[in-house]
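Construct the complete structure from the given sequences, taking the supplied hints into account.
There are 2 protein chains.
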Amino acid sequence: MATLADIARELNISKGTVSKALNGARDVSESMRKQVLEKAVELGYHRVVHKENAPKIALFITNMEYTRPDDFGYELVSGFRKAAEPAGYEVEIIPLTIRMQQEISYDSFMVQGNYCGSLFLGLSLRQDPWMKDFKTCKTPTVLYDNHISSNPNVTYIGTNNQEGMDLAISYLKGLGHRKIGYLSYELHAYIYQRRYYAYLQSMIEHGLPSDPSYTGSAHHVSECLAQHLPRLLSMGCTAILCSHDILAHSVMVHCQELGLRVPEDISILGYDDIPLCRYAVPPLTTIRQDRESLGKSAFYALTSQMNHVHVSALLLHATLIHRGSCAEAEQRTPTED
Amino acid sequence: MATLADIARELNISKGTVSKALNGARDVSESMRKQVLEKAVELGYHRVVHKENAPKIALFITNMEYTRPDDFGYELVSGFRKAAEPAGYEVEIIPLTIRMQQEISYDSFMVQGNYCGSLFLGLSLRQDPWMKDFKTCKTPTVLYDNHISSNPNVTYIGTNNQEGMDLAISYLKGLGHRKIGYLSYELHAYIYQRRYYAYLQSMIEHGLPSDPSYTGSAHHVSECLAQHLPRLLSMGCTAILCSHDILAHSVMVHCQELGLRVPEDISILGYDDIPLCRYAVPPLTTIRQDRESLGKSAFYALTSQMNHVHVSALLLHATLIHRGSCAEAEQRTPTED
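Residue numbers (our numbering), protein chains in the order written: chain A, 1 to 337; chain B, 1 to 337.
You can take every hint at face value.
Once the Cα atoms are required to be at most 20 Å apart in a straight line, the calculated SDA-like pairs of lysine to any residue come out as:
#1 B:Lys135 / A:Tyr171
#2 A:Lys82 / B:Asn307
#3 B:Lys135 / A:Ser170
#4 B:Lys82 / A:Met306
#5 A:Lys82 / B:His308
#6 A:Lys135 / B:Leu320
#7 A:Lys20 / A:Tyr115
#8 B:Lys173 / A:Ser150
#9 B:Lys138 / A:Leu320
#10 A:Lys173 / B:Ser149
#11 B:Lys173 / A:Ser149
#12 A:Lys82 / B:Thr303
#13 B:Lys132 / A:Ser170
#14 A:Lys135 / B:Tyr171
#15 B:Lys56 / B:Lys138
#16 B:Lys82 / A:His308
#17 B:Lys82 / A:Thr303
#18 B:Lys135 / A:Thr319
#19 A:Lys56 / A:Glu90
#20 B:Lys135 / A:Gly174
#21 B:Lys82 / A:His310
#22 A:Lys82 / B:Met306
#23 A:Lys135 / B:Ile321
#24 A:Lys138 / A:Ala313
#25 B:Lys82 / A:Asn307
#26 A:Lys82 / B:His310
#27 B:Lys34 / B:Ser19
#28 B:Lys135 / A:Ile321
Simulated restraints on C-beta separations:
#29 B:Met32 / A:Gly236: 52 to 62 Å
#30 A:Glu85 / B:His219: 49 to 59 Å
#31 B:Asp211 / A:Gln193: 22 to 32 Å
#32 A:Ile94 / B:Ala5: 49 to 59 Å
Just so you know, these hints were derived from the structure itself, not from any lab. Positions of the beta carbon are idealized from the N, C-alpha and C atoms, including for glycine.
Given below as structure tokens:
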């Protein structure tokens, strides 16, 4: 493991300057600080953690809402802390901004802040500058619902989407549904791609019509409702499976506005099991992600990384939550468009 | 949690009889013993582990060779023990036979032996009687390279096959190969199915010809060599990717017997990185599964289960091991069959 002296020798500067740069002292120039950090990353330098200080983990969130008790991310954050803090780690929550990512590379940020590992929560990382850093970073890193191939230091955690879709399709098939439509958020995000392909594959495996024409995706919910939903209904779909609960709830309300009864005329199935599902009318049947367990397993994956067991993916079991939005298929005949 | 008294009450027998049955006393009939075990499983009974006894984990192996230092399974077993034993568990290695599976259900076996969880090593579990038990079992269970959907108590551990295939195809593509053939063990086993589909998908993603006619599979290596290899060569394949190293090694030797130079005339790539690869001539380039880490991660997955974090799949990163069996593509023209 590299020391302060190694960095100093490589850059031909004093150990004192290296130490000041790593500690953000004001009398070291910005360009020198950057140079020192980059050399520290390159040499694999880790600071010695003093016994009285707990090792620090950075928990990056793209949305501060995650820290609110009614948000999807809240139980994830609290599950992570419940596992990490008793094990002696300090968890620092850091709002992730594009600006900080533009100013400093990911590994440099981690060395500068003296973090031993990190967890990222946030689905929309696709265009974030650090996404390219994750391909080569040396810091143990766990991404929720985002997958980076081939970097041993990065782990993807999430819920098994193939299993979730299988549960949904198998259940709907058991109720007599054959034409099961699928509506989704736009397919750019990794997790929505996975769910989309899992839907198509599960339809094949259950001997049901698997065809992209039975699907629709859009960035805005309104577009899904205006364009794709009427098309799926006119094709004779008796059930609509949605990529996430918020969309499923909107689809349900829109169907009711169109005069369809849920679940008598059409069955609707969501994905995630956010708190909203219980309060919808009728309550939404959905595929559950166990968020507290996701948070805990993120910590287990991170400690595996820190023990040099390079986990690529850790996926939890999905479960089907039976509520009131699905019923036996009512045979509907395709209507004219 | 159910007690001895609960089992006794339900079966209308004495606590003493229940205790004797669970401890395999000779003066309890076989049918009574079975009845008690089944009721214990049904009620979720767990024995109290005395402080002086370490909790026990069952490590089932289908092949005793796994315990020999030169075998593929050896490092898996030792990795598992390296993680489990310092954590206070006793690991009991149990050879898995069809006979014992026919005599007693899986959960009953686990209650009878007082095991708190288990790991199964062995690829050919498909026809084992306990495979159906895994769909509903209550015992925390980890399967290496076997996947059971929808039972929260069962975890699949292995290496990320999609990542492994991506590494292989990307590397061969970089060397100028386009027609990359794929030879496999028969596709019935879960893991060979996964690798086969991963190969086809990766070829698509790299913009290369993805077509089942470029593949061949058979139970016997000799069949692959006699039937499929000549066909792939005649179709102009400049590289052959194999589902596992033993097959790759045979393919390499057979190509050499046919007068082809490896890697000048044809590139061969294996999968697993068994010890043989280093000693082959030329040494075999392959995709590595880190076996010791697999063993350790099996223990992490099992403790997650025991902490009620229901992991569906835990997949390690794959790595490409560069040796001597691949080179830049030599343009070969398809020959007559």
